[in-house]
Amino acid sequence: MLSRTADNLYWIARYMERAETIARLLEVGARISLLPSTQGYKTEWDSLLKASGNSGGYVAKYGPPNQHNIESYLFFDRDNSNSVASCLTLARENARIVRTALTTQVWDALNTAFQELKLLEAQPRATLELSRLTDWVMKHTAMVRGAIDATLLRNDGYNFLNIGYYLERGDSTARLMDVKYYVLLPRAGYVGTGQDNDQWSMLLRALSANRAFHWAYGGEITPAKIAHFLILNPQCPRSIWTCVAGMNNHMARLATLYGRDTEAQVATTALLAELQDQSTDQIFEEGLHEFLSRYIRQVANLGVVIHNSYLSGDMH
Amino acid sequence: MTTYFNEMFQDGNVRSPYARLEGWTRDMPADLRLAKQAEAEALFRRIGITFAVYGEGGDPDRLIPFDMFPRVFTANEWAKLERGIKQRARALNAFLVDVYGRGEIVRAGRIPAGLVYQNAAYERAVAGFVPPKGVYSHIVGIDIVRTGPTDFYVLEDNCRTPSGVSYMLESREMMMRMFPDLFRENRIEPVDNYHEILRRTLASVAPAKCDRDPTIVILTPGQFNSAYYEHSFLADLMGVELVEGQDLFVDGEYVYMRTTEGPKRVDVIYRRIDDAYIDPLCFRADSMLGIPGLMDVYRSGGVSICSAPGAGVADDKAVYTYVPEMIRFYLGEEPILNNVPTWKCAGADDLGYVLSNLGELVVKEVHGSGGYGMLVGPKSTKLQIEQFRALILANPGNYIAQPTLALSTTPTFVDQGIAPRHVDLRPYCLVGERIELVPGGLTRVALTEGSLVVNSSQGGGVKDTWVLAE
Amino acid sequence: MLLSVDHVTRYEYDRPVRGVVQSHRLTPTKFAGQRTISWNVSVSGGTMGGGFRDGAGDWVQAWSVAGPVSHIEVRVHGEVETTDLAGVLKGSRESVSPEAYLRETPFTNFDPALRALGAAALSEDILSSAHAMSASVSAAIAYRPGSTHAHTTAAEALAQGEGVCQDHAHALLALARSQGIPARYVSGYLQSSNDGMAHEAAHAWAELNVPGFGWIGFDPANQCCPDERYIRLGSGLDAQDAAPIRGVSRGQGIEKLLVTVAVQTQQQ
Chain A
1 MLSRTADNLY WIARYMERAE TIARLLEVGA RISLLPSTQG YKTEWDSLLK ASGNSGGYVA
61 KYGPPNQHNI ESYLFFDRDN SNSVASCLTL ARENARIVRT ALTTQVWDAL NTAFQELKLL
121 EAQPRATLEL SRLTDWVMKH TAMVRGAIDA TLLRNDGYNF LNIGYYLERG DSTARLMDVK
181 YYVLLPRAGY VGTGQDNDQW SMLLRALSAN RAFHWAYGGE ITPAKIAHFL ILNPQCPRSI
241 WTCVAGMNNH MARLATLYGR DTEAQVATTA LLAELQDQST DQIFEEGLHE FLSRYIRQVA
301 NLGVVIHNSY LSGDMH
Chain B
317 MTTYFNEMFQ DGNVRSPYAR LEGWTRDMPA DLRLAKQAEA EALFRRIGIT FAVYGEGGDP
377 DRLIPFDMFP RVFTANEWAK LERGIKQRAR ALNAFLVDVY GRGEIVRAGR IPAGLVYQNA
437 AYERAVAGFV PPKGVYSHIV GIDIVRTGPT DFYVLEDNCR TPSGVSYMLE SREMMMRMFP
497 DLFRENRIEP VDNYHEILRR TLASVAPAKC DRDPTIVILT PGQFNSAYYE HSFLADLMGV
557 ELVEGQDLFV DGEYVYMRTT EGPKRVDVIY RRIDDAYIDP LCFRADSMLG IPGLMDVYRS
617 GGVSICSAPG AGVADDKAVY TYVPEMIRFY LGEEPILNNV PTWKCAGADD LGYVLSNLGE
677 LVVKEVHGSG GYGMLVGPKS TKLQIEQFRA LILANPGNYI AQPTLALSTT PTFVDQGIAP
737 RHVDLRPYCL VGERIELVPG GLTRVALTEG SLVVNSSQGG GVKDTWVLAE
Chain C
787 MLLSVDHVTR YEYDRPVRGV VQSHRLTPTK FAGQRTISWN VSVSGGTMGG GFRDGAGDWV
847 QAWSVAGPVS HIEVRVHGEV ETTDLAGVLK GSRESVSPEA YLRETPFTNF DPALRALGAA
907 ALSEDILSSA HAMSASVSAA IAYRPGSTHA HTTAAEALAQ GEGVCQDHAH ALLALARSQG
967 IPARYVSGYL QSSNDGMAHE AAHAWAELNV PGFGWIGFDP ANQCCPDERY IRLGSGLDAQ
1027 DAAPIRGVSR GQGIEKLLVT VAVQTQQQ
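Residue numbers (the working numbering), protein chains in the order written: chain A, 1 to 316; chain B, 317 to 786; chain C, 787 to 1054.
It cannot be assumed that every hint is accurate.
[Said to hold, decoys possible] Each pair of labels, with its calculated beta carbon distance range:
1. 1036/C - 417/B: 27 to 37 angstroms
2. 800/C - 60/A: 30 to 40 angstroms
3. 350/B - 72/A: 19 to 29 angstroms
4. 116/A - 350/B: 47 to 57 angstroms
5. 68/A - 351/B: 40 to 50 angstroms
6. 93/A - 600/B: 21 to 31 angstroms
7. 713/B - 932/C: 54 to 64 angstroms
8. 308/A - 711/B: 51 to 61 angstroms
9. 856/C - 417/B: 40 to 50 angstroms
10. 833/C - 128/A: 54 to 64 angstroms
11. 319/B - 78/A: 50 to 60 angstroms
12. 146/A - 350/B: 28 to 38 angstroms
13. 121/A - 327/B: 53 to 63 angstroms
[Unchecked claim] So the derived list for chain B, only partly shown, Cβ under 8 angstroms to chain C, looks like this:
14. 592
15. 596
16. 616
[Unchecked claim] Away from chain C, derived, C-beta distances all over 12 angstroms, residues of chain B:
17. 320
18. 417
19. 430
20. 497
21. 541
22. 569
23. 580
24. 647
25. 648
26. 651
27. 675
28. 702
29. 735
If you are wondering where the hints come from, they were derived from the structure by calculation, not from laboratory data.
Glycine included, every Cβ here is placed at the ideal spot set by N, Cα and C.
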């Protein structure tokens, strides 16, 4: 297929996944605002902004964090290229360009989300409850995902969509974890306190993994269990392992389809092999933050390699 | 008071092609009609068939209005139109090959040299080149209006990249879906093989160096073009890639497209962008849309471009007046379809006449299209007429004028029920190894009462166009 | 006269570019005034593309270079035997109507001053008009290298009263076209002269269409018609249209151009 078409499909997936991540963040924020105000209240919003990947833009526009402004910024603000509104619009715009590479159902799902977004934007902000907004995002991202899985031809385009989804999801899991770890555990004294547990539980909630975690591990929430669950557990749909394995799977399908290996495929396989050799102990030994930063760098690099291998159209 | 030919009712009687439609409208309850109209609109929007209007702001995803009342031709009426259209398409292509070759028609004094060689659309870069099968214009869109039972006039020819064929196909699709009974009761010639004929036409003009099943692509300026929907629609129907300039590149003697599997050679480019933008090396150096080096590959026979660069010199509105002469010169036949009498403001006599009769005439820019930059005298205010007079005086050669034609009307659904509205017709003639025409075309309707401007950019709508089988 | 040409054009990019496409008019025109003994064009790292004779009789040759590259060298080497035909382009095969050379281009738009100069030189006889126009361009625009740049228009050159061969040719085109005489830009080579003047070896002049003769060359920069010291390569509506090398590179690199040309007499 045209490299540009593959690029559009890949970005549809990345923007949809990104919109979902932002919605999850907002949900966590709303949850926090319902807790009794503690000293951690303000830093929570800081960490949400950091995880959204665009805290500089917020501060420049609004100044100090406050709930109402952060919600507007992360959900509606078109100046924020990572806001839910921006992501849904960009996903739909990419889809419009490659309309014929999608099924009616997938286009419908993307277009409906966009049309409803315009209606939401026309309503007074005061009438929009945050929980309603986040539910709305989750519903539409799930519908798009479902339409893709149920109706799309299993051709190369399908693989590029999935590669985009997994890459973005793995990246967002790593970022969420890193923000929590880095921002909330600056002093060793906090580790193991009750407050710490609240933070971890919030993290699981952000990844819709609260219940799943308890089913999988039971007992006390410990950093080691959480790290295992979110990094190395193949059962967790958002774990880093699952995301890299997903990319690897779709990259392998492309190799079969095209009858040739690419640098991207080699890089993904290497990344997966590296994860398979890891244990939670080793990760903590390296330092969770160091491990996550390294992974985030590797993913960014993988994005470049994928671009060069398939999307730029420059290979010969 | 001008009287207009009503294609359905004549002297209080229903004309034969519309016979079965009378009962259909009579029996349709108002609420059903509204429901169907809403259904059609929802379907169009869902498919994404929208029309962006240049320079107007507002909703870029505006729908082009669709009127459910079909426009009908008998087999006999169509047979004459078809012969006339094909005759014209042949003559226009003969003219193009001639003026980029020896220019016999100019040497014979049948058309002024300046009109051809100093024309902005004349491309010196392709002089001396004969494209595969001698075809410059592969899709000829001929705009036709009707003024009486047997009176048809050609309003203009579109030899470059006429748009609108997607509306022809989608309108038919919509009607068959909503009113299947109508298609059982009336024997209507199908149009849905258009894309197959288009594909065959494009494949038939593959370059000499292509020794395999040709790879065809559609070249679009991109998603912001008003006809982008049509570009992607046709690409999808034909099963070919829809490419932008950045997707193609020249290497050695050929053009390739960038794919996820590596470069893939392209043989035929159905381009929907203007000559000026297709190759920054040959034409506009600032073009970001084009493919550097494309023209050299084209001229050395490595790729075919449809329509061929330079085809625009045949559909200029001043050249239009000479099309009957082309038909006589190249084909030795008399024109089957009439031209509208046209005054060329470049000539002093004509200019004088036009300026004294602005209130009665339609004045157009020679290179204009889409209903922009025109004056409809009888529908304009004094101020508008005076402003236009100044424009003409500033650059007379840029304008032509025609009498205000009594465009026929067909019944059209309006808020109050059914009312006559003015229509025109654009059939799409395909020219390759063979000349072919699907029985039908795009009927455009001026939805505003009394309006004669049917352009979709000016608030016109579309209808399904039927040609009845014998 | 037997002339030998060595012409090297080197493009250097400060950052490697992803690819280059070029279109050359670098082959001597086939006409009675010149006979090619040997001729070779090469492009470093390049793939030769399609070639064709265009409607004006010029040979156009496409080249492409796959990147990344940081420099490209176009080398021309050859020998041509020339004959003085008093500027008349005899025996060339072309199919473009001279009328196609009446249109203005951004370089040759005639302002009132150019038009007035053209009108003053016009007489009954087209041939003498053409000579008069060439002479008045020579008189109005002094030859001074560096006084203009690649994008100077005919009107600007006339206004400032100095220029190089490109400006002379553009001005002559404007004069001729303003009076309805078809005219075109010609690019080629000129033998380095013996009078010590710093003429350009990569040269340009104009051709005017005169009924009864066809195309005739005029070189206002040297106040003569092209003779056996000239080698004709290609023509067009203006310098850009007739450029011996047109190219586009893909990438962010900034281009630096280095040209050396030598045109010399060979012993016969």
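How the hints compare with the structure:
no. : hint                               : result
1   : 1036/C - 417/B: 27 to 37 angstroms : holds (35 angstroms)
2   : 800/C - 60/A: 30 to 40 angstroms   : holds (34 angstroms)
3   : 350/B - 72/A: 19 to 29 angstroms   : violated (40 angstroms)
4   : 116/A - 350/B: 47 to 57 angstroms  : violated (25 angstroms)
5   : 68/A - 351/B: 40 to 50 angstroms   : holds (44 angstroms)
6   : 93/A - 600/B: 21 to 31 angstroms   : holds (27 angstroms)
7   : 713/B - 932/C: 54 to 64 angstroms  : violated (40 angstroms)
8   : 308/A - 711/B: 51 to 61 angstroms  : holds (52 angstroms)
9   : 856/C - 417/B: 40 to 50 angstroms  : holds (44 angstroms)
10  : 833/C - 128/A: 54 to 64 angstroms  : holds (60 angstroms)
11  : 319/B - 78/A: 50 to 60 angstroms   : holds (55 angstroms)
12  : 146/A - 350/B: 28 to 38 angstroms  : holds (34 angstroms)
13  : 121/A - 327/B: 53 to 63 angstroms  : holds (56 angstroms)
14  : 592                                : violated (13 angstroms)
15  : 596                                : holds (6 angstroms)
16  : 616                                : holds (2 angstroms)
17  : 320                                : holds (43 angstroms)
18  : 417                                : violated (6 angstroms)
19  : 430                                : violated (7 angstroms)
20  : 497                                : holds (57 angstroms)
21  : 541                                : holds (23 angstroms)
22  : 569                                : violated (5 angstroms)
23  : 580                                : holds (16 angstroms)
24  : 647                                : holds (23 angstroms)
25  : 648                                : holds (24 angstroms)
26  : 651                                : holds (26 angstroms)
27  : 675                                : holds (35 angstroms)
28  : 702                                : holds (29 angstroms)
29  : 735                                : holds (49 angstroms)
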